[in-house]
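Student: Protein chains in written order, with UniProt numbering: chain B, 1 to 753; chain L, 1 to 206; chain R, 1 to 202.
The hints are simulated quantities; they were obtained by calculation from the structure and are not laboratory data. Positions of the beta carbon are idealized from the N, C-alpha and C atoms, including for glycine. Be aware that one or more of the hints could be misleading.
[Stated by the list, open to error] With a straight-line cut-off of 30 Å between C-alpha atoms, the simulated DSS-like cross-links for lysine-lysine are:
#, chain 1, residue 1, chain 2, residue 2
1, B, 123, B, 99
2, L, 43, R, 3
3, R, 3, R, 89
4, B, 182, B, 111
5, R, 15, R, 3
6, R, 155, B, 99
7, B, 724, B, 692
8, R, 3, B, 182
9, L, 43, L, 127
10, B, 96, R, 155
11, R, 28, B, 123
12, B, 123, R, 89
13, R, 155, R, 28
14, R, 15, B, 127
15, R, 155, B, 152
16, B, 167, R, 89
[Claimed, not checked] So the derived label-pair ranges between C-beta atoms look like this:
#, chain 1, residue 1, chain 2, residue 2, range
17, R, 76, B, 340, 55 to 63 Å
18, B, 143, R, 80, 50 to 58 Å
19, R, 57, L, 119, 53 to 61 Å
20, B, 271, L, 47, 27 to 35 Å
21, B, 143, R, 119, 20 to 28 Å
22, R, 80, B, 350, 43 to 51 Å
23, B, 255, L, 189, 53 to 61 Å
24, R, 162, B, 255, 28 to 36 Å
25, B, 11, L, 80, 27 to 35 Å
26, R, 119, B, 93, 23 to 31 Å
27, R, 73, B, 167, 40 to 48 Å
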Amino acid sequence: MTSVRLMSADPSDRGSQRCRLGPGLMSVLGLSVGSPLLVSLPGGSCLCTAWPRPDLAEGFLQMDLKCSSPSLIFNSCKLLNLDPSQLTPVPCLKLKGIKINVVVQSADFKKHTAPRIVHELVKDMLKGVFVHEKHVINLEDFDTEIKYVVVKNVSPDSAVSGLITSKTGVEIVGVQTVQHYKSLLQDQHAVPLGGLEEVNALLREMLELPLFYPGTLSSLGVSCPRGVLLVGPPGVGKTLLVRRVVGEVGASLVVARGPEVVGPRPGESEEMLRALFERARAAAEEGPCVLFLDELDSLCPRRTSSAAPENRLVAQLLTLMDGMNKSNRFLIIGSTNRPDSLDPALRRPGRFDREVVIGAPTLQQRKAILSVLCARMPTCPSVDMTELAQRTNGYVGADLSALCREAAMHAIREDSKCCLQGSGEQVVGMKHFQEALKSVSPSCLRSSLGRTDLSPVSWEQIGGLDEVKLKLRQSIEWPMRYPEAFAHLGLRRPRGVLLYGPPGCAKTTLVRAAATSSHCVFLSVSGADLYSSYVGDSEKALAQLFRQARACAPCILFLDEIDSLIGSRSDSRTPNSVQTRLLSVLLNEMDGIGLKMVERRGTARILQAEGAEENHTQEQLDCQDVCNKDVMIVAATNRPDCLDSALLRPGRLDHIIYVPPPDQQARLAILQVCTKSMPVGADVCLEELAAKTELYSGADLENLCKEAALLALQEENMEASVIKYTYFLQSLSKTSPSITAQQIRTFYQTPPR
Amino acid sequence: MEGESGDMTLSSSNRKCSGVTGSARKIKDNAADWHNLMLRWEKLNEDGFSMAANIVNIRRSQSNEQLVDESSSAPTDGAAALQDECCKLQEIIHKMAAVVTKMRRLMTSQRGLQDLEEFQFGPEGRKSPLFHNWTTKQFESSSRVLLDAFSLELKLKQTILQELAHTSTSNICMVYLSCWLHQPFIPPQLSLTLEALLLETGHRPL
Amino acid sequence: MSKPALTSLHQALRKSFQCVENNQKLWKSVLAECTPLLSSLGNLAEQSRALSNVQISNTPLRLFPDLEGRLRFKLLQATDTVLGKLNDKMTSLQSVRDAISNQVCAVFQLYEQNTDSLGLPVVTERSATAPSVTDMLEWLQDAERHYRHQFLRRKTLLQTLRADNLSLLESAPERWKSLESPTADDNITDTLCKVSFFMESE
Numbered sequence: 001m002t003s004v005r006l007m008s009a010d011p012s013d014r015g016s017q018r019c020r021l022g023p024g025l026m027s028v029l030g031l032s033v034g035s036p037l038l039v040s041l042p043g044g045s046c047l048c049t050a051w052p053r054p055d056l057a058e059g060f061l062q063m064d065l066k067c068s069s070p071s072l073i074f075n076s077c078k079l080l081n082l083d084p085s086q087l088t089p090v091p092c093l094k095l096k097g098i099k100i101n102v103v104v105q106s107a108d109f110k111k112h113t114a115p116r117i118v119h120e121l122v123k124d125m126l127k128g129v130f131v132h133e134k135h136v137i138n139l140e141d142f143d144t145e146i147k148y149v150v151v152k153n154v155s156p157d158s159a160v161s162g163l164i165t166s167k168t169g170v171e172i173v174g175v176q177t178v179q180h181y182k183s184l185l186q187d188q189h190a191v192p193l194g195g196l197e198e199v200n201a202l203l204r205e206m207l208e209l210p211l212f213y214p215g216t217l218s219s220l221g222v223s224c225p226r227g228v229l230l231v232g233p234p235g236v237g238k239t240l241l242v243r244r245v246v247g248e249v250g251a252s253l254v255v256a257r258g259p260e261v262v263g264p265r266p267g268e269s270e271e272m273l274r275a276l277f278e279r280a281r282a283a284a285e286e287g288p289c290v291l292f293l294d295e296l297d298s299l300c301p302r303r304t305s306s307a308a309p310e311n312r313l314v315a316q317l318l319t320l321m322d323g324m325n326k327s328n329r330f331l332i333i334g335s336t337n338r339p340d341s342l343d344p345a346l347r348r349p350g351r352f353d354r355e356v357v358i359g360a361p362t363l364q365q366r367k368a369i370l371s372v373l374c375a376r377m378p379t380c381p382s383v384d385m386t387e388l389a390q391r392t393n394g395y396v397g398a399d400l401s402a403l404c405r406e407a408a409m410h411a412i413r414e415d416s417k418c419c420l421q422g423s424g425e426q427v428v429g430m431k432h433f434q435e436a437l438k439s440v441s442p443s444c445l446r447s448s449l450g451r452t453d454l455s456p457v458s459w460e461q462i463g464g465l466d467e468v469k470l471k472l473r474q475s476i477e478w479p480m481r482y483p484e485a486f487a488h489l490g491l492r493r494p495r496g497v498l499l500y501g502p503p504g505c506a507k508t509t510l511v512r513a514a515a516t517s518s519h520c521v522f523l524s525v526s527g528a529d530l531y532s533s534y535v536g537d538s539e540k541a542l543a544q545l546f547r548q549a550r551a552c553a554p555c556i557l558f559l560d561e562i563d564s565l566i567g568s569r570s571d572s573r574t575p576n577s578v579q580t581r582l583l584s585v586l587l588n589e590m591d592g593i594g595l596k597m598v599e600r601r602g603t604a605r606i607l608q609a610e611g612a613e614e615n616h617t618q619e620q621l622d623c624q625d626v627c628n629k630d631v632m633i634v635a636a637t638n639r640p641d642c643l644d645s646a647l648l649r650p651g652r653l654d655h656i657i658y659v660p661p662p663d664q665q666a667r668l669a670i671l672q673v674c675t676k677s678m679p680v681g682a683d684v685c686l687e688e689l690a691a692k693t694e695l696y697s698g699a700d701l702e703n704l705c706k707e708a709a710l711l712a713l714q715e716e717n718m719e720a721s722v723i724k725y726t727y728f729l730q731s732l733s734k735t736s737p738s739i740t741a742q743q744i745r746t747f748y749q750t751p752p753r
Numbered sequence: 001m002e003g004e005s006g007d008m009t010l011s012s013s014n015r016k017c018s019g020v021t022g023s024a025r026k027i028k029d030n031a032a033d034w035h036n037l038m039l040r041w042e043k044l045n046e047d048g049f050s051m052a053a054n055i056v057n058i059r060r061s062q063s064n065e066q067l068v069d070e071s072s073s074a075p076t077d078g079a080a081a082l083q084d085e086c087c088k089l090q091e092i093i094h095k096m097a098a099v100v101t102k103m104r105r106l107m108t109s110q111r112g113l114q115d116l117e118e119f120q121f122g123p124e125g126r127k128s129p130l131f132h133n134w135t136t137k138q139f140e141s142s143s144r145v146l147l148d149a150f151s152l153e154l155k156l157k158q159t160i161l162q163e164l165a166h167t168s169t170s171n172i173c174m175v176y177l178s179c180w181l182h183q184p185f186i187p188p189q190l191s192l193t194l195e196a197l198l199l200e201t202g203h204r205p206l
Numbered sequence: 001m002s003k004p005a006l007t008s009l010h011q012a013l014r015k016s017f018q019c020v021e022n023n024q025k026l027w028k029s030v031l032a033e034c035t036p037l038l039s040s041l042g043n044l045a046e047q048s049r050a051l052s053n054v055q056i057s058n059t060p061l062r063l064f065p066d067l068e069g070r071l072r073f074k075l076l077q078a079t080d081t082v083l084g085k086l087n088d089k090m091t092s093l094q095s096v097r098d099a100i101s102n103q104v105c106a107v108f109q110l111y112e113q114n115t116d117s118l119g120l121p122v123v124t125e126r127s128a129t130a131p132s133v134t135d136m137l138e139w140l141q142d143a144e145r146h147y148r149h150q151f152l153r154r155k156t157l158l159q160t161l162r163a164d165n166l167s168l169l170e171s172a173p174e175r176w177k178s179l180e181s182p183t184a185d186d187n188i189t190d191t192l193c194k195v196s197f198f199m200e201s202e
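Isolated chain B (complex conformation):
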């Protein structure tokens, strides 16, 4: 038998439950006109009655989806070919009784229509329809408020399908609205969430307790919590979490995004808000319901003294939340990433009773998120989730998903480049992830002040200074990479490092090399970033910088030229200037009492954070997580005497490293690094140069080489192939060291502490 092509039904057959097929096929299947036929389709089946096509053509099938599986009703059938074996005639007896759920358009209709009338209408509508167990009967063709009927079961029990006659008893088990029914259908396939299990469980419990066991709570004399406020930076998955939890609990969801509620005309916004609550109330009558106010901060900003329209909206929300009584069995979940800008009146028990903080994901959470994201991606076995998680400091869920997408894009691009067919096995490998890491940066840093595009610098690129390098590695790189060793020895990692020394001696480059080798986020600020003409703005900016740095810890915060940035309190000329205020902010941020509530990350581990040093039995990753919650401050200055002494005590900038001007050995190393890419003449004696350049700093030496090269070009007109030693000597005579012996003596005489 040949297959038949499924086509959409003729409009005149709408609601007739007819299935049009060729008469030949009908005779083959042993069907007579109007006899019931079950059509199996991918995703469900459909019960209809067989009718010959008006043109009697074979090879096509058109059917009206009067009675079909729920999945088919909402997803229109695509064009596809059916095998005749997918068509089975089914015996259909007259049914004795049927149990159904009625799905109606509006909650209003449900509320105001007597069950007797619904029963009468539904019974009339169902007469003469062939029904199948667990199928949905589409009654949309009647154009009434009653849209669907879900068949629960039929009697006699032996039958799975049958005909409804006027003698069939119809029992309505429940009445639902279309919205509710659809949401129930959709919830069956939800996306998995990674790394939010703890918050998920917490939210779930809060939802389930009052919604499913209201009696228990009231017998305990406790009023159910009504509101939950989700706080967290953007992209951590607040919205997704709510949708997920709501889906798991099987509650219906009414979503309000802040900007959608606000209307231009006075009073419109309040009205929309009221309508929203009314909708939630109506939905709550059918079952548990959650009213989700996304971006609550835009909806309810802090009330100001002026008569702003927002004030009225906030007042309306407060009134509505207070007006909810016990009978309104719905929960309000608000989400925001700026809890400070919410009106404080909202954040009290009775309104938003609980506040759940979802921080930027920790290492473990990132790993979980990545494995969820990569579960459906064909990844190379070489992809190491743990390493990726380590590399993605400060990335939130949204960033990680962008990362995976970018990696996949890279894989596709590469694939289409090497083989034009593009049909080969597309596997996302580690290198694609590495490429993607370059282009996707953590979103919490996107708007940050000190975000610098750091071109990687390796230790080898810095000549000499081996002792300083070692010290730096000790204080920056080691604690970041081997925290367990530090914890094992009961060693506290340093809070901050101060590099001081004469200018041009590679302090900045050293820090960059340290940041590169320790794979952590590197933020750098200068005075220009922070200073503002408004009083208090600079301090705020600095505090904000610390907040962001903490959000993506471990992180190196580099304060270059700290002496110009932050003054000293002993400097009596500028009492209470911006500098001194910035100093106090810095001191506070460095060893303030604790984190702010909203900066919390990973729920349970906060408690351990203080005592984490003893906890060496913990998993290594956990340890790394906890120990690295801090921000490492690295400051550089060439005027250590100008710094406030409070900044220099242990516990703040506790490692103070002097970066000396290079000695002869070091100068040689520097010159070697500088001339590596230069075609140097064979007569050039770098050792001699190094000996001659006493008091030259690294920058001076680099300049010297540059000058020599320029001279070569000048003398030999662009055809210069090598830089001769004479040019070096000439440039040496032209330049002079930037450091004076006096300066060095000062540094030796007055160590900063």
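Please build the complex by placing chains L and R on the supplied structure of chain B, with the hints as guidance.
Tutor: Same frame as chain B, but now just chains L and R:
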């Protein structure tokens, strides 16, 4: 009154063949008169309603015209028509007032019958009922209920007449019209009262 | 031989189309009687709305303190009366629908009893004068469905009216009118034309 009762099918047929006399006769005639007066009221009410509706329509088109252009000199014929309709409605109200006056007279005569009975039989009234089982007092109270309702309704109609041509808001016009049509002060049980009266006096077969 | 079965089925089909034709006229006449009732329903709703919008105490009618309640009562009573009349009309419509349904049902039953003798080639055969049996069965079913739909929509409209929701009442006449589907009506008329030769060929 006699001239008007000439067209009464109910009473004229009964008057000839009934053998009752005296108070009973008078009460029976009164009942028939109540019936006829109420029929007449209904007729007047219907006529009046169409006029009131006309008035409202004219008013509405006038105000629309004014909205369309201020300087129009046309509304004179509209005003004339309005005047005309108002006069007709006035006429109707006069006739209704006349009906109520007649009702009041019926009431007076009922009162008179009551007084007569008290004079003849003392305060307790006569021993055996005039017809089936109603006392004369009951006839009187029924008449009072009917009269009260109609006089109040007449007052309402007079108020409406005064205001109707001077209001322009559609809502209040609509209320006036629906008041006229539905006669809020004539409750549905009033027709039951009348039927009871007719039944008791033998106009309607038991 | 399928001849006797086909003849009797044809006979039943003729009877059914006759029934549809008669009832179509009846249906139209009943619907025509409904229209004024619906418009007076809308009118009453409008009056109620006006009454709600007017503050009686601010009008010359304040002399009559209980006027509003009494008028509202009268309006409700009038609405009730109209609805009662409409209900009677619905009963007539229902009987029309039932007559057609029963007739169509009977034809289908007759066909189902004779499916063995009436093979598909027989029932799908068309001639110059008579459409095929399947075509006619289809038309009958379509007509029956049309009347069922019409009746249920109108019934739902009336059943969902509530005295406390004036806008529902006010919009009732328009919604009632919008339920008319001239194309479906025309289809039935067309069908009756198509079968006219068949009907005469007894």
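Student: All the hints need checking, so say for each whether the structure fits it.
Tutor: Quick rundown of the hints versus the structure:
1. At roughly 11 Å between alpha-carbon atoms, residue 123 of chain B and residue 99 of chain B fall within 30 Å of each other, so this suggested pair holds.
2. The hinted pair formed by residue 43 of chain L and residue 3 of chain R fails the criterion: a straight-line CA distance of about 69 Å is larger than 30 Å.
3. Among the hinted pairs, residue 3 of chain R with residue 89 of chain R is inconsistent with the structure: their alpha-carbon atoms are about 43 Å apart, more than 30 Å.
4. Restraint check for residue 182 of chain B and residue 111 of chain B: the C-alpha separation of about 19 Å stays at or below 30 Å, so the hint holds.
5. For the proposed pair residue 15 of chain R and residue 3 of chain R, the alpha carbon gap of about 18 Å is at most 30 Å, so the pair holds.
6. A hinted pair counts as satisfied when its Cα atoms are at most 30 Å apart, and residue 155 of chain R with residue 99 of chain B qualifies at roughly 23 Å.
7. The straight-line distance between the Cα atoms of residue 724 of chain B and residue 692 of chain B is roughly 17 Å, inside the 30 Å bound, and the hint therefore holds.
8. About 53 Å separates the Cα atoms of residue 3 of chain R and residue 182 of chain B, which puts this hinted pair outside 30 Å; it is violated.
9. Restraint check for residue 43 of chain L and residue 127 of chain L: the C-alpha separation of about 40 Å exceeds 30 Å, so the hint is violated.
10. A C-alpha spacing of about 26 Å is found between residue 96 of chain B and residue 155 of chain R, which places the hinted pair at or below 30 Å, so the restraint holds.
11. Between residue 28 of chain R and residue 123 of chain B the alpha-carbon distance is near 25 Å, which keeps this suggested pair within the 30 Å criterion.
12. Restraint check: the Cα-Cα separation between residue 123 of chain B and residue 89 of chain R comes to about 21 Å, which is no more than 30 Å; the hinted pair holds.
13. A C-alpha spacing of about 16 Å is found between residue 155 of chain R and residue 28 of chain R, which places the hinted pair at or below 30 Å, so the restraint holds.
14. At most 30 Å may separate the alpha-carbon atoms for a hinted pair to count; residue 15 of chain R and residue 127 of chain B meet this at roughly 23 Å.
15. For a cut-off of 30 Å, the pair hint linking residue 155 of chain R to residue 152 of chain B stands: about 26 Å separates their Cα positions.
16. The suggested pairing of residue 167 of chain B with residue 89 of chain R holds, with an alpha-carbon distance near 25 Å, which does not exceed 30 Å.
17. Between residue 76 of chain R and residue 340 of chain B the beta carbon distance is about 57 Å. The supplied range of 55 to 63 Å therefore holds.
18. The beta-carbon spacing between residue 143 of chain B and residue 80 of chain R, approximately 27 Å, falls outside the hinted interval of 50 to 58 Å.
19. At roughly 47 Å, the beta carbons of residue 57 of chain R and residue 119 of chain L sit outside the given window of 53 to 61 Å.
20. Checked against the given bound of 27 to 35 Å, the beta carbons of residue 271 of chain B and residue 47 of chain L, roughly 48 Å apart, lie outside it.
21. In this structure, residue 143 of chain B and residue 119 of chain R break the distance hint of 20 to 28 Å, their C-beta atoms being roughly 38 Å apart.
22. For the pair residue 80 of chain R and residue 350 of chain B, the beta carbons lie near 47 Å from each other, so the given range of 43 to 51 Å is met.
23. The supplied range of 53 to 61 Å is met by residue 255 of chain B and residue 189 of chain L, whose beta-carbon atoms lie about 56 Å from each other.
24. One distance hint, 28 to 36 Å for the beta-carbon pair residue 162 of chain R and residue 255 of chain B, holds here, with the actual separation near 30 Å.
25. Look at residue 11 of chain B against residue 80 of chain L: about 58 Å separates their beta carbons, and that is not inside 27 to 35 Å.
26. At roughly 24 Å, the beta-carbon separation of residue 119 of chain R and residue 93 of chain B lies within the given 23 to 31 Å, and the hint holds.
27. The hinted range of 40 to 48 Å is satisfied by residue 73 of chain R and residue 167 of chain B, whose Cβ atoms lie roughly 43 Å apart.
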